[in-house]
Structures are given as C-alpha cells and as structure tokens.
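Trainee: Below, each chain spelled out in residue letters.
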Amino acid sequence: MSALVVKNLSKAYGGVQAVDDVSFSVAAGELLAMIGPNGAGKTTCFNMLNGQLAPDTGSVEFEGRRLTGLAPRAIWRLGVGRTFQITATFASMTVRENVQMALLSHRRRLGALFPVAAHQYRDEADALLGRVGMRDQAERACAVLAYGNLKRVELAVALANTPRLLLMDEPTAGMAPGERNELMQLAADLARSSNIAVLFTEHDMDVVFTHADRIIVLAQGRLIAQGTPADVRADPRVREVYLGSLHA
Amino acid sequence: MLSVRRLNAAYGRAQILFDLGLEASKGEVVVLLGRNGAGKSTTLKTIMGLVRPLSGEVAMEGRMLTSMKPYQIARLGLGYVPEERRIFTDLNVMENLEVGRQPRREGAPHWTPERLFELFPNLGRMQDRLGGRMSGGEQQMLTIARTLMGNPAAILLDEPSEGLAPVIVEQMAATIRSLKREGLTVLLSEQNLHFAHVVADRAYIIEKGQIRYTGTMAELESNAAVREQYLSV
Amino acid sequence: MSSSAIAIQFLNGLASASSLFLVAAGLSLIFGVTRIVNFAHGSLYMLGAYMAYSLVEYFGRTPLGFWGGVMIAGLAAGLIGAVLEIVLLRRLYQAPELLQLLATFALVLVIKDFALWVWGPEDLLGPRAPGFDQAVAIAGRAFPEFDLLLIAIGPVVLGLLWLLLTRTRWGTLVRAATEDREMAGALGVNQAWLFTGVFALGSLLAGIGGAINIPREPATLGMDLSIISDVFVVVVVGGMGSIPGAFLAALLISVIKAFCIGIGEVHAFGIDFSFSKLTLVVEFIVMAIVLVIRPWGLLGRPSAVARGPGTVEDPLRAPPRPLLAFGAAMLAILVLMPLLSDAYTLVLLGDILVFALFSVSLHFIIGPAGMHSFGHAAYFGLGAYGAALALKHLMPMEAALFAGPLAAALGALLFGWFCVRLSGVYLAMLTLAFAQITWSIVFQWDTFTGGSNGLVDVWPAAWLGSKTAYYYLTLALATAGILLLWRMLYAPFGYALRAGRDSPLRADAIGIDVRRTQWAGFVLAGLFAGLAGAVYAFSKGSISPEVVAIPRSVDGLVMVLLGGIQTLTGPVAGAAVFTWLQDTIARNTDFWRATLGMIILVLVLAFPRGVTGMLRRRFMREPA
Numbered sequence: 001m002s003a004l005v006v007k008n009l010s011k012a013y014g015g016v017q018a019v020d021d022v023s024f025s026v027a028a029g030e031l032l033a034m035i036g037p038n039g040a041g042k043t044t045c046f047n048m049l050n051g052q053l054a055p056d057t058g059s060v061e062f063e064g065r066r067l068t069g070l071a072p073r074a075i076w077r078l079g080v081g082r083t084f085q086i087t088a089t090f091a092s093m094t095v096r097e098n099v100q101m102a103l104l105s106h107r108r109r110l111g112a113l114f115p116v117a118a119h120q121y122r123d124e125a126d127a128l129l130g131r132v133g134m135r136d137q138a139e140r141a142c143a144v145l146a147y148g149n150l151k152r153v154e155l156a157v158a159l160a161n162t163p164r165l166l167l168m169d170e171p172t173a174g175m176a177p178g179e180r181n182e183l184m185q186l187a188a189d190l191a192r193s194s195n196i197a198v199l200f201t202e203h204d205m206d207v208v209f210t211h212a213d214r215i216i217v218l219a220q221g222r223l224i225a226q227g228t229p230a231d232v233r234a235d236p237r238v239r240e241v242y243l244g245s246l247h248a
Numbered sequence: 001m002l003s004v005r006r007l008n009a010a011y012g013r014a015q016i017l018f019d020l021g022l023e024a025s026k027g028e029v030v031v032l033l034g035r036n037g038a039g040k041s042t043t044l045k046t047i048m049g050l051v052r053p054l055s056g057e058v059a060m061e062g063r064m065l066t067s068m069k070p071y072q073i074a075r076l077g078l079g080y081v082p083e084e085r086r087i088f089t090d091l092n093v094m095e096n097l098e099v100g101r102q103p104r105r106e107g108a109p110h111w112t113p114e115r116l117f118e119l120f121p122n123l124g125r126m127q128d129r130l131g132g133r134m135s136g137g138e139q140q141m142l143t144i145a146r147t148l149m150g151n152p153a154a155i156l157l158d159e160p161s162e163g164l165a166p167v168i169v170e171q172m173a174a175t176i177r178s179l180k181r182e183g184l185t186v187l188l189s190e191q192n193l194h195f196a197h198v199v200a201d202r203a204y205i206i207e208k209g210q211i212r213y214t215g216t217m218a219e220l221e222s223n224a225a226v227r228e229q230y231l232s233v
Numbered sequence: 001m002s003s004s005a006i007a008i009q010f011l012n013g014l015a016s017a018s019s020l021f022l023v024a025a026g027l028s029l030i031f032g033v034t035r036i037v038n039f040a041h042g043s044l045y046m047l048g049a050y051m052a053y054s055l056v057e058y059f060g061r062t063p064l065g066f067w068g069g070v071m072i073a074g075l076a077a078g079l080i081g082a083v084l085e086i087v088l089l090r091r092l093y094q095a096p097e098l099l100q101l102l103a104t105f106a107l108v109l110v111i112k113d114f115a116l117w118v119w120g121p122e123d124l125l126g127p128r129a130p131g132f133d134q135a136v137a138i139a140g141r142a143f144p145e146f147d148l149l150l151i152a153i154g155p156v157v158l159g160l161l162w163l164l165l166t167r168t169r170w171g172t173l174v175r176a177a178t179e180d181r182e183m184a185g186a187l188g189v190n191q192a193w194l195f196t197g198v199f200a201l202g203s204l205l206a207g208i209g210g211a212i213n214i215p216r217e218p219a220t221l222g223m224d225l226s227i228i229s230d231v232f233v234v235v236v237v238g239g240m241g242s243i244p245g246a247f248l249a250a251l252l253i254s255v256i257k258a259f260c261i262g263i264g265e266v267h268a269f270g271i272d273f274s275f276s277k278l279t280l281v282v283e284f285i286v287m288a289i290v291l292v293i294r295p296w297g298l299l300g301r302p303s304a305v306a307r308g309p310g311t312v313e314d315p316l317r318a319p320p321r322p323l324l325a326f327g328a329a330m331l332a333i334l335v336l337m338p339l340l341s342d343a344y345t346l347v348l349l350g351d352i353l354v355f356a357l358f359s360v361s362l363h364f365i366i367g368p369a370g371m372h373s374f375g376h377a378a379y380f381g382l383g384a385y386g387a388a389l390a391l392k393h394l395m396p397m398e399a400a401l402f403a404g405p406l407a408a409a410l411g412a413l414l415f416g417w418f419c420v421r422l423s424g425v426y427l428a429m430l431t432l433a434f435a436q437i438t439w440s441i442v443f444q445w446d447t448f449t450g451g452s453n454g455l456v457d458v459w460p461a462a463w464l465g466s467k468t469a470y471y472y473l474t475l476a477l478a479t480a481g482i483l484l485l486w487r488m489l490y491a492p493f494g495y496a497l498r499a500g501r502d503s504p505l506r507a508d509a510i511g512i513d514v515r516r517t518q519w520a521g522f523v524l525a526g527l528f529a530g531l532a533g534a535v536y537a538f539s540k541g542s543i544s545p546e547v548v549a550i551p552r553s554v555d556g557l558v559m560v561l562l563g564g565i566q567t568l569t570g571p572v573a574g575a576a577v578f579t580w581l582q583d584t585i586a587r588n589t590d591f592w593r594a595t596l597g598m599i600i601l602v603l604v605l606a607f608p609r610g611v612t613g614m615l616r617r618r619f620m621r622e623p624a
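Protein chains in written order, with the working numbering: chain P, 1 to 248; chain E, 1 to 233; chain G, 1 to 624.
Check each hint, because a few of them may be wrong.
[What the hints assert, rightly or not] In silico contact screen, one side only, chain E against chain G (beta carbon under 10 Å); selected entries:
| id | residue |
| --- | --- |
| 1 | M48 |
| 2 | G49 |
| 3 | K69 |
| 4 | P70 |
| 5 | Q72 |
| 6 | I73 |
| 7 | G79 |
| 8 | F88 |
| 9 | T89 |
| 10 | L91 |
| 11 | E95 |
| 12 | E98 |
| 13 | V99 |
| 14 | R101 |
| 15 | R146 |
| 16 | T147 |
The hints are simulated quantities; they were obtained by calculation from the structure and are not laboratory data. Just so you know, even glycine gets a beta-carbon here, dropped at the ideal spot from N, CA and C.
Just chain P, with the same shape it has in the complex (with noise of 0.2 Å):
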C-alpha cells in the first residue's frame, strides 16, 4: 500500500506555474528519488508536501490522511520526518539533546518548566544515535560537528518519532565526495529495515542510482518521467532535459 499519495498538485506563483499537475506516491519501504534540473519545481513541490506552503489545487494523502493544510509540526505528529537541504539542528545544543528535544517534544514534554531536560530519554537518545554512528559523539555541541555528521544527526532527530515517511531535501548537498554514498547507505538501510517511505531530492547522480528504488523527473514543473533507475536513464526526454538542448 502506497504511504504517501500525492494527487494533482499545482502551484503558480506570479503568474509562473512552479508545480504542474503533479502526481505520484511512494510506498512503505520503497526510497524514491524527485530529480530536475534547477527551477524544475522540486523545491516547490517538497515544500508542499511538508505543510511550508499551501498548493493551488491538488491533494497530498499519507496514510489515508490529508495533509494540505496542515503546519509542519502537525505533519511531524503524524509521523513524518524531515531532513533539510542545509542541515538545520539546534546548534547550541549537544548532539544528545538535540535527539531528546524530539523525543520530548514526541511525547509532548516540552511544556514542563522543572525537570532536567538533558535527563529525560537519555538511553532512548543514545539508542538512535548509535544507528546512525554517532553515539561516540554524544556530549559535543553541534555548532562544532562536521557537515557529514550534522547531517546524520538530522537523520537520528528525524526518526526519534518513529516515522513512517521520510522526507529528505539534498540530503548529501554540502558534503565531500567520500561521505555522501555512505550516508545515503545508512539512510536506506535504516529506511528498509524499518519499513520506513523514503522522498529524497539529489543532485548527485551516483547517490540516485545507487539507492533509489523509483525515480521521478520533473521538468518545468511537470512530471516528465517516472520508472526504475535503467527506464529513467533510457528515457529520451529526461536526457534531454538534462543535457538541456538549443532547439527544444
């Protein structure tokens, strides 16, 4: 069964159509990949599907449920997990307590003004930490963590709710070279052994065609193309898309 189903989507703004009648769904377990080239609409459409914008028309369904209109935090409660294309971690805070500021705010403990914060859910912290190879890392500050590592931190804070979607925008842009197959290896595996859905957005071709179960094409906000990695690699459009052409 399809985890997320994204019907009809469109966005215009100023007159340009960013996001045209776009529709797919990605099913529990399965990594699919959103490629374009730049203005293609990805952004836009990924934006739409976490609850920053509001489409024109169109609906985004996750498990049965309505997702347009709702606030991101409300999506978050609903299980689905976000990393960002320039990690976005609290940066004054350890790597620990940026898992447990998930956890605590998964089970809504936010709001209490006396307990300790940095004692609630340690293990639990230090558990998810360990499945994205951080847990030697624990007590540093993030401000001062490497880009790769801040990235698998982001995935660690990204599954403290136990999601079943997992929306991931350029989760290797900004990395070196070396570091980004292995952490799209450890997000996929993470991804499968759990059953989680994946939708990433990449520019980096080698990490699509190595992990991506699904792909999908955008070009001027539309969807051009859809299929395995080798249907999409074969697909006349979707070359020329990218290799771009004078005479379209």
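Go by the hints and put chains E and G onto chain P.
Mentor: Showing chains E and G alone in chain P's frame:
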C-alpha cells in the same frame, strides 16, 4: 586575464569548493559545466568577492582580487551577472542601468544605454518599465546590460540560459558571441551543453566542487565518455 | 463636535504630522540602507530644536533670522549625523544587532548630557515664526498661520524626497542599495559613502523636524526619547523603509490624536470619560490593529532581514562544583551582610539584588529565547505600580507583593501576543513602543497613578519595616526568582525556547509551536521582572514613572550585555557591577549619563563582538 588557483570555499560548515583552479585568457569565452549543486555558482561568487574563500587566490590581469570588496573588484573591470538575476524590482530599466554605470575604461568596450539598446532592442522599447514587471527573459537581458554599463573587461555569467524559453536562449547565445567580438573575456557557468557548444571556446567540468576535466569545446564534443560521466544522467 | 470643530481638529492633526513625518522619514531612510535602527535619531531631533532656538536668538527674530536659524540647525544636525556614522557606526555594521542598538543608545545618553551642559535644564520655547505669527479664520475659528505652514511642509518634503530619490543618481543608488545591498556592491557601488550620505540626510531631516517645531513646542531634555518612541510607532505602522508609508502613518496617528484631544471629556452612560488622556493609547491601538492586519505595516513589505547568527553559545552544562561552591559562599556572605555593613551598603545591596533578578528575567528572553526586548522596564514598572496600587486600594502589603508580578504577567500576556509575531529590530521597536505607552499611561493618569509625582507611602508591613528585615525579604525573593528562572532554562521548556531561537525551521519540524513557546517565555520573564519591580517599590516607599521609563529598559540591557548574554551568571555579575558603577558615578558627577554612555561606547567599540565573547576566547579554551 583571469586566473583562479587552489580555491577552497564554504557556506557555513558546508565546504563547496575543493582546490579549484581555472584560467581564462583575454577575449576567450570559457564555460564551467556541471550539474546542479556542483559548485558553479559558488565559484563565480567567490571570484567576485561575494563569498570569502577559505584559501586560494583569484587574480585578474595580475592583480590579486582575493582580499578585495565586491565594489572594488567591479571597479577594476570585472562584471558579475548572478543566476537569480537580482534585478532591482523597484527601479525601472533606465535606473537599473544607472546603478551599473561606471566611468569609461581603457582597453574595454564602452557602453551607453543607446548602444545597449542596439544589443537588446526589447529593453529599448520598455525604458520606463519597472524591473519587477518584466518577464524572466527581459530580466535576464537587463541584468547583463546593467553589468555592461560598468564597462567591464571581463564578465562572469551565472547560468545565463536557465529558465529561458528556447527562442530567448538563442538570443542569449547571439549576445554572448557579440560580446566576444567586442573583445570581452567571458566566464559562464552552464548545465546546458548545447548552449555551451554554441558560445564557448573552452570548457571546464566541475563536479562536487572539483574540476574534473578541461579541454576545448571540440575536444569535449569528441569525448563521449566524459560527457556521459559528468553531464548526463 | 460641530463641523467647524472637526475641521479645526483635522488641521491640528495635519500640523503635528509634518514634524513627525520628517523625523520618521529620516529614520526609515537610514534603516532601509544601513539596517541600523538609530536610537540617537531622536537626539538629533532634540539637537535640531536646541540649536535652532539658540541660532534664532543669535540672529534675531526676523524672518531671515528664523528661517536661517532653522536651516542651519538642520544642516548642523546632518553634519553631526555624518560624523557619528564615520566615527562610530561604520565600525558596527558587522556587530550583533543588540550591540548596535546599545551603541546608539549610549549616544542618546551622551547627547542628552551635552544638551544639559550647553542649554541647561530649562525648557526653551522659541519665538513665533516672524511673518507667520498671526491667526487666520477657518470655519469661523482662529487658526495659527504657522500651523498652516507646517501642514504644507510635510507634503513639500515628501515631494522633495521623492524627487531626490527618483531623479538623481544618488537617489537611484540609495533605492538600489535598500533593495539589495550586495548586488549594488557587485555593480561597483561603494557602500561606505552611500551610508554616510544617507545618515547625513536622515539626520538633517531629524534636525529640521526638531527646529521647525520650536514655535509650537519647547525644546526639552526629554524630547529625544518621547519622539523616538512616536517615530518607532509611525515607522512600524507605515512599514519599515517606506517613506510614503511614514507619511501616511504620521497623518493617521496625528489626526486621530488631535481628535482625541478635541473630543475631550465625554459624559456617557453616567460615566465621565476623558478622550484627551487617550492620546498615547490610541497610538497603541492603531499600531495593534495595523500589525494584526498587515504585519509589515501599511505600505511595508515583508523583508527577510537575515543576519549572521554570530557566535553560537556553548551547550548548557550542569554548573561545575567550584561555581556551586562560589555561589554558596556568596549567598552566605549576603546572609551575613547586615551584621557587617552600614545601612547605605545594605540599601545598595538590596538594589543590586533587585536588579539582578530584573536582569536575569531580561536575559531569559533576549538570550535563550532570542527575542530582543527593548522595553523590559514595562514589566518592572507594572510590577511596581501593580503592587503599590494594590496596597493602596485592595489588600495588605504581603498580598500586594504578589499582585504586582501578576499585573506584570498580564501586561506581558497582552503585549507579548503582538511581540512574538515580529522578530529582530521590529520586535525591539515594538517592545520599546509598548514600554513607552505604559510609561505614558502611568505619567498621565494623575488620579490613579499619581502622574509625574508617582505614588508615596508605599511602605512594607510593620514586621518587614526595618532595613534588615526588608533586606532579608529581598534576598530571599531575588534568590528564589533567579534560581527558578535558571531552573526553567535547564528544563524542557527552556530548551524549547532555545530551539526556537537556534532554528525555527527545525523546531517547527519536530512539533514545537515556536510562537506559543515564545509567548509563554515572554510572560514568565514579565512575571519575574514584575516581582523585581514590586520588591523595589516597597524598598523605596515611593515610586515614580521613572521605573517604567526607557532608561530603565536600557539599564537592563547593559547589565545583560556587560555580564555576558551567553552565560547564565553573567547577568547577575553585570547587574552588580552596573548598579554599583551607576551609584558611584551619580555620586561623583552631575553628568553621570554622559559618563555611562562613554563607558558603554568604549566597551562596544573595544569588543564589537560582545564583552563575554572576548573574555571567553581569551580565558577559556574554545571547544575543539
């Protein structure tokens, strides 16, 4: 004319460029090819002084630009046309040109609004139009014209063909060729290989913040393996 | 009101709008290009008024003398603005926003004492403008000619500014830089001179705004802060950076105020209601309505004023043992103090404790919550007045001591609802405007708050009457308050506040309602500031509007920034040093404001990245 050596640059904690180097000689059109996120824009911004490099050097006609402010670099004769165009939307066409105006420079073509309107006839017909009320193609022309008002000896063009209708892309190619005829050095970034073939003399291919290939456009044309590896899907 | 009265009030409003518009346009221009909110803008307005007064006296009360004096005063203000930009502000463009605001406030202090030194404490009313000293009949009533002239000046200046900004190269560059500074730089525009020029022009407008007003309103030492809060309201209502917006907002507010004065006392439903006392609250109501409907002002546009995050503070660790031991020792000494010291020291220590609580409560929202409040005195004052009024009208002192903080928390609940909708400098201006409104209410509501005289006979209950007893009460409440606030920062709630500051994007993505968290933080900070105010009121036995005034808010900021915004104990140390310093300076010089201002300026210039930032780098190993 323009030389970049061992450039490293980062946004915050994310390093984007790794020991990047490139050259452009006088009157040459050089293209920086690469996929989205490869580091093309960051390279141009770092050359222009808009991103402070971690290390490395940038020089133009033997002068070090590395510690200069963007306005000083612009006044030395290096023009910059950003990818997002960044037209002043509250200013009309003539006013946008006025912001770019700098004194005449020896050894570089001299531009006036009248000459620019010959190059971009559309702009000449909408001198009072506000920047915010123009189409993407018109804005792209205006941002180039605005930069030319500084009478630069070299210009950096960040993805000039992006998001433009095919007919406008052809106009853009014609424009770049006529700038070359005027003797301008051009360094542009592109994803559009066909466009690059039409305008450029030489290419660098950038991937993951590093230069992976360099050669003339003819060499790149005959090297299917490189194209396949770095540019296609 | 009759139709002729309506016409006259309308004209009155238009006349006061002109000067307000000039000053607001200057502030808006300067902010648009430099992104600095210049507190000292009101001081330039004040200098304009004083200088015009002296120049007109010197030149003689002839038309040439008057208008020459006004023009020269304006030009001089412009020149002073340019010098200030080159000498001081140019060094601060990269500094954290709070430090910029603090530096310009230090200028306010210095300029105020300069004016005191040159012109003395008396209010100086200028002559009637020669040639415009008659009244004309409008709708059967007498209306001053000079006010008609003022009505014309506003639109004329708006027109001139429009010409300057649209018809000259300089104006084009200013508009370009307002929209995209970085791109203008990449096109070869040298920002440094552009910024100086804009500062000079903005200051000139402020100077002329002050100068043309001398026939109507006297030059006073308080006009700098009273105009700046009016101007902040105008700029927020009109939209930051929009000059037509400033014009519109100045008209709107001035006209509404004029009508409130015109309506005066109204008897309705058996109640006497005074509209003329509503004038400043009206400003607040207008602003509140506008902010709810258009958060960026009437003609403003949403702008992403993104600033570098600056240095990130270190994770919060459990206090190390030596620090706990030191704290316990300090507490023990404080408990023993009544045995060791004289009455004067005991009172000073009590003040330090009160301000330590005040400063810790301010730190709670500007540090961990990242909300730059410039009006924290509002809650201190509400606490003080709340307690005093409760004692006078309702309850015994012991209960009033807690009614005060409740009043402050209610105020924070109301004001905070608006404040959490804004951020950065908009938030700072709004908090300051709210504080100024609170001050105005306290200052003007003679029958209830005692007006400028304040309230007297606010003494503690008999069993707390001795200096020693009250000192112990202060020690207990301040210590408890500070420890509670600190504890909350270690708790999940405090972490949620920091989460909203560190990354609103991530906070939202893990289910945190950032606005609501900030609102709750705002109310808690107000509650404890109110406790400090209530304790303060009973320690003095009387209170005056000074407890709500802007300088009180800024004192709090200086304490926090001096001590270190990135540490928990810093605000306590800052409060101790600052309170002691202020006491010492005040006892030794008449110009304590200028001295204090100079000290702040030196600190800001010497450590543009913050005093603690420097100490930290110097004395602590940076984490690897």
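Trainee: A separate judgement is required for each hint: does it hold in the structure or not?
Mentor: Structure-based check of each hint:
1. M48: 6 Å, holds
2. G49: Holds - the Cβ of G49/E comes within 10 Å of chain G, reaching about 8 Å at its closest.
3. K69: 7 Å, holds
4. P70: Nearest chain G Cβ about 4 Å off; hint holds.
5. Q72: It holds, given that the least Cβ distance between Q72/E and chain G is near 8 Å, below 10 Å.
6. I73: 8 Å, holds
7. G79: 8 Å, holds
8. F88: 5 Å, holds
9. T89: 7 Å, holds
10. L91: At 6 Å from the nearest chain G Cβ, L91/E passes the 10 Å test, so the hint holds.
11. E95: Check passed: Cβ of E95/E comes within 5 Å of chain G, closer than 10 Å.
12. E98: Given a least distance of 5 Å, the restraint on E98/E holds.
13. V99: Since chain G brings a Cβ to about 4 Å from V99/E, closer than 10 Å, the hint holds.
14. R101: Since the shortest Cβ distance to chain G is 8 Å, the answer is holds.
15. R146: 7 Å, holds
16. T147: With Cβ-Cβ at 7 Å, under 10 Å, it holds.
Hint violations for this structure: none, all hints satisfied.
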